[in-house]
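Novice: Chains as they are written, first to last, in our numbering: chain W, 6 to 406; chain D, 6 to 406; chain U, 6 to 406; chain H, 6 to 406.
Among the hints, a few may not be true.
All copies of an identical chain are treated as equivalent in the list; a pair is satisfied when it fits inside any one copy or across any two copies.
Capping the alpha-carbon separation at 30 Å, the derived lysine-lysine pairs in DSS-like fashion look like this [unchecked claim]:
1. 50 x 345
2. 50 x 9
3. 384 x 78
4. 130 x 351
5. 298 x 50
Think of the hints as simulated: they come from the structure by calculation, not from any bench. It should be emphasised that the depicted structure is a prediction, and the values quoted were computed from it without experimental measurement.
Number of protein chains: 4
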Amino acid sequence: MQAKVRMGMVGGGKQAWIGNVHRLAAAMDGRIDLVCGALGSTRRKSVASGMHLGLPGERVYGSYREMFKKEGKLGDDARMDFVTIATPNNMHYPISMAALDAGFHVMCEKPMTLTLEEARNLGRKIRRSDRLFCLMYNLLGHPMVKEARDLVARGRLGAVRRVVVEYPQGWLATRLETTGHKQAAWRTDPRRIGPTCTIGDIGCHCHGLAEYITGLRVSEVCADLATFVRGRPVDDDGSVLLRFENGARGVLWVSHIAVGERNGLSIRVYGEKGSIAWSQQDVNRLVVHWINKRSEIRRTGLPGVGRSAARATRSTLEYPEGHLEAFSNVYLEFVDAILKLREGKKVRRENAGYPTATEGTRGMAFLDAVARSAVSQAKWVAVEDESPSEQAAPGVIVKPS
Amino acid sequence: MQAKVRMGMVGGGKQAWIGNVHRLAAAMDGRIDLVCGALGSTRRKSVASGMHLGLPGERVYGSYREMFKKEGKLGDDARMDFVTIATPNNMHYPISMAALDAGFHVMCEKPMTLTLEEARNLGRKIRRSDRLFCLMYNLLGHPMVKEARDLVARGRLGAVRRVVVEYPQGWLATRLETTGHKQAAWRTDPRRIGPTCTIGDIGCHCHGLAEYITGLRVSEVCADLATFVRGRPVDDDGSVLLRFENGARGVLWVSHIAVGERNGLSIRVYGEKGSIAWSQQDVNRLVVHWINKRSEIRRTGLPGVGRSAARATRSTLEYPEGHLEAFSNVYLEFVDAILKLREGKKVRRENAGYPTATEGTRGMAFLDAVARSAVSQAKWVAVEDESPSEQAAPGVIVKPS
Amino acid sequence: MQAKVRMGMVGGGKQAWIGNVHRLAAAMDGRIDLVCGALGSTRRKSVASGMHLGLPGERVYGSYREMFKKEGKLGDDARMDFVTIATPNNMHYPISMAALDAGFHVMCEKPMTLTLEEARNLGRKIRRSDRLFCLMYNLLGHPMVKEARDLVARGRLGAVRRVVVEYPQGWLATRLETTGHKQAAWRTDPRRIGPTCTIGDIGCHCHGLAEYITGLRVSEVCADLATFVRGRPVDDDGSVLLRFENGARGVLWVSHIAVGERNGLSIRVYGEKGSIAWSQQDVNRLVVHWINKRSEIRRTGLPGVGRSAARATRSTLEYPEGHLEAFSNVYLEFVDAILKLREGKKVRRENAGYPTATEGTRGMAFLDAVARSAVSQAKWVAVEDESPSEQAAPGVIVKPS
Amino acid sequence: MQAKVRMGMVGGGKQAWIGNVHRLAAAMDGRIDLVCGALGSTRRKSVASGMHLGLPGERVYGSYREMFKKEGKLGDDARMDFVTIATPNNMHYPISMAALDAGFHVMCEKPMTLTLEEARNLGRKIRRSDRLFCLMYNLLGHPMVKEARDLVARGRLGAVRRVVVEYPQGWLATRLETTGHKQAAWRTDPRRIGPTCTIGDIGCHCHGLAEYITGLRVSEVCADLATFVRGRPVDDDGSVLLRFENGARGVLWVSHIAVGERNGLSIRVYGEKGSIAWSQQDVNRLVVHWINKRSEIRRTGLPGVGRSAARATRSTLEYPEGHLEAFSNVYLEFVDAILKLREGKKVRRENAGYPTATEGTRGMAFLDAVARSAVSQAKWVAVEDESPSEQAAPGVIVKPS
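Isolated chain W (complex conformation) (with noise of 0.2 Å):
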């Protein structure tokens, strides 16, 4: 019988979108079993979106601090295995620091955490933890976004020259914090997005996604950010010149405001033999242009893409799959490597198969640095290097407990 693990999750109740697509996500393969829940910010919330889900009235608690401390006591083939966190960004923290005390590996949405400090003191926990930790960058789960990262591993395109990458959304074109919204409220509060809202809310996808594909790192930065909506306390629309370590060069841009977007990002890479080209509308498409031979359209489930795509793929014929395949493709990771620990076998902390700490600490420093770009009148500002002596060397093992 195949072995399955057991979820718990803080936030994410039964309004919170994030919350459902979570669920569904891990739902998918029927290895993870939710089983229990601090789903809102009252215990009140909690309960009614437990009872919606059916979770048993017991494992509805009303906080995390409750959750960790009940399901702590619990059996060993009973408590949850690890903890989604889908809260507002300023309680990712928190919750990941207690979670891990308490002894349970660590599912967090992005970004990390407010601040770089804090992603820091983060890592330095996890790597000193024999819990494992998984950022949620959902988007690295594609399997055409794994095509590409091989294409460029592998040195098909030559070195990476240039890099464009942009999330246009816009729906705070107008000031939907103040009718109650509760998604574009928290996003507007500078103390729950953190000091950008642009990059912290989509901007960290934009840096993600391309030190994933480039393999490279951003290492200077030059930002506009802008607010365009009167009243707002936050930006809602940015610029960044990338300098990549590699003396590659590029463009990220993302927007709020930007009227008729929903969710287009978009990532291109051109290296010296050929370049991709990668967007959310439509997920399952590779288009690889080379420099000597004609173009191609890779997709999701055809022959001919390689063997990291092909195990991101649950369907073959083409049939079109979507985010919550992408979602799905990032739990199993992170399952496949808590049901390694729990027979007693090695699992490395960095290189992981999903994004870990390493990941999310880049993207706060990238994010540090945007935000003291935006209010620089120096033209670049450097990324701090979370170097990988900080950051746990790759190849470093926990050990089992």
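With chain W fixed as given, assemble chains D, U and H onto it according to the hints.
Specialist: What follows is chains D, U and H alone, placed relative to chain W:
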């Protein structure tokens, strides 16, 4: 607590792609538990798949007959509520009949049966039973398909005049069935696929989709079926001229030898005042043209779509949804009906929110007409009328047992 | 100095869209001078258009008969070399016959004539004359259409198995012809458009394109023509099943009532080893799929296309070329042949690099078969064989006069 | 009879792609006759090209100076009316100055000059002359670009907030200039291309298009130019952050080393109430999104587009129009103005319906600012203000000579 229903499965073993799709889709919303199965053509195969899926050993059965018998003896709170039939076409009929006899609801893959005669028999049995029958026409679960149907139903396009529907695939362009490829083998075996392979496998999707969106019946057909791969005993390519009951004209074509195509299903419906275009390559987009207004693009999850589409949408903000969500949408409507019955409420057996025996029998009448036309010298062959009185009039109610 | 040829024009007055297209296309490369015209159905109209175009008054004629007579009396270095016929279909035949009698080459709009009988008569006259005849199948001038033909001709796709070609338009979805719309009026007048409107106006393009790309003849048809707009005396929608001489199957459909469509012509050709797709909505792109390689996108002006396409390409670097360039490409080949003749060289009357009476007569045989099929109860109607011996064998040479 | 104007040409010999484009475009509508040329850098080259084009020998000149001198002595009904300058960038200024001195109107390729200083000098000379100057910003001739401008100008999008414009090309991804490739050679020679290659060659198109559509001026830039191909003395890739005079933000990026891109220019403009997207890959389509309505697709030749677009459209029914038509549209407006002057009418020197020295000087000010920013440590560099008083106020009239 949200009520759940229990599902058993016949066919769809671990190597069967469609079986996995059903399990993922059924699991997606956490309202269906897979509790038992007869998952292979032998006990050994069934057990292997059952173990792989983590089913308890005592509920993995060697045959559907054994499953129906033993499950029938379990208590109300344990035995499966419905059976999903994911076998080759020739088994749909006997398993459905047996399931109804044993008191289980049925979720059956398309096409409903192997012959029109069987479909009529099964339809009669369903009408006399208090059990529900759902035909898995998964395409009808896509939000933008529902949106298209709504536009026609509300008269926005005016009277429908022309329909073009196609489903090209290329995977059988060579004689794959002689290489040990199971999917190819049964689809090219006349005993298992039925009188026509292209219509029985993919043409029935086209017909179901066209009748669903237009709300019209295909009344006459003129078909040309062909076999291009030498030695293949079934057709692998087909074209059909369509006449609809209201005088609208259409073309339906399908192919298994259309090199380069995977799941290239698309439909276009032209009315007096507007037209729609939808494609399985971009399931979340519906293009709408108007005779005297500018063209529109409607998208899943965006404002400006109707209630049916919105109800079938899981995420907002235009996140990419795919075919799993479409399957799930069909399951959800079916589960709703099962639960209503369980609560002693009345439910409709027809016009049920999910495809029923009516749609299934219509599909078999179409398949039957195409098969007759293909060997006829007459230009037009009538699709036999599955009259409402025969089929159970809309509005007929299943009384709970 | 680059030699030029002189062009006269019948029809195509200042309000006629197609007349202007011909003039722009003929003028594009600076090798054709428009020197005279009989541009309207009355002398008054002709003079008005002639003045508008800046033609010298003495070379604006009241009728094509007058034009042929008076131009024939001018010197070798003054009189027109060829006449472009841009009139309603019913005038193609008498004007072509008269032009040949008067010693002028002919550039004739499609379709060649009103009836198959006329086409055969005209074909015979052409074969006995020393003048050249070009049929304006403008679509054959697109570089990517030539590329598609090359791929088939060189056997890259293997034997052709299936063809799908369509030309939906929507501009006649209402009874526009009763509103004073000239274009609509003649196209819906059986005496001017011929036995079928949809085939005579747009279906002939589909047929010509399909035979050009595949190099195959349509041998049998099964047609369903319909009239949706009440009171219209001609068909405004049509579907045709096709059988090709090699056993390939196809579908051709055309419509004037497909709301929202403008010039939606597209063709797909599936062979044993590969397939191509081309559309008038994106004329510079040819999608090529292979049975065992990744898909390609070929584009006008890019490396990697064959000689025919490259020869028909004016710009490099993928600048957008359109339908004027396609018309011009047909003119260029025709002018080349005229100039060769002028220089005393031999030229081919068939397989001439531009569409000739052979293609024109094939088109009329197709139209004739569709019209007969539309009123027949028999399923299949043979397209009459315009045998090479009747048609002038390929390689027959026009000897200069 | 429709009046014509006579054109001379400097540069654009038979091997120069852009020369041919100009000739085709100028010839398209039959209102411009090419009468003379100095078509190469030597007399021999000029004569070879002149013969190829069929120009009379006595009007093929060895240099532009000779041409201006000799043409100036011809009679009013013979000598050229205007000269088209299709040379490398460094010759735009001296030839334009000489042409104005000699009394000829000027059609000049972009960019206007090599330096901002030259542009200002040339602008002053134009304002003091009675001759007209047209800058060939061909992109501004596309109907859907005009439609976009109209939407902004009429306030339909609300205040512009964000602009994204890009022009990736890949043809210089290797050191093509050392292989004898003439186009590559002059574009990578700082003396001929000017202070920046990417902006001087393609970035000026982006800037001109952005200011044309938005009606706004770029006021500040922050640029990052790079050279990826070793040994190349000019930049081959560039990113620029933009700030517009009204506070709108933008990104402009261009590249010559973006493998796989050909003419990938595209622009997106987001306003408070709507947004537009246009691309050179599909010039006849304008996507328009609205904050509270469904998205639209506007197309060249379809109903529902504004007057400017309709006026720039040659065909109806959505036949594909391309870049030649766009060039022709610029020529047509310019010819109209020349003819008005000839008839003694007043014409505007600014806001002229075609791009003038105002747009040209703005482009050079932008180029100048980018070049300064690229080597500056300061974050923002102001684009120098070419004030209307300096530039000739809108409404200033050229009086006929």
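Novice: Okay, which hints does this one fail, numbers in order?
Specialist: The structure conflicts with hints 3, 5, although it agrees with all the remaining ones.
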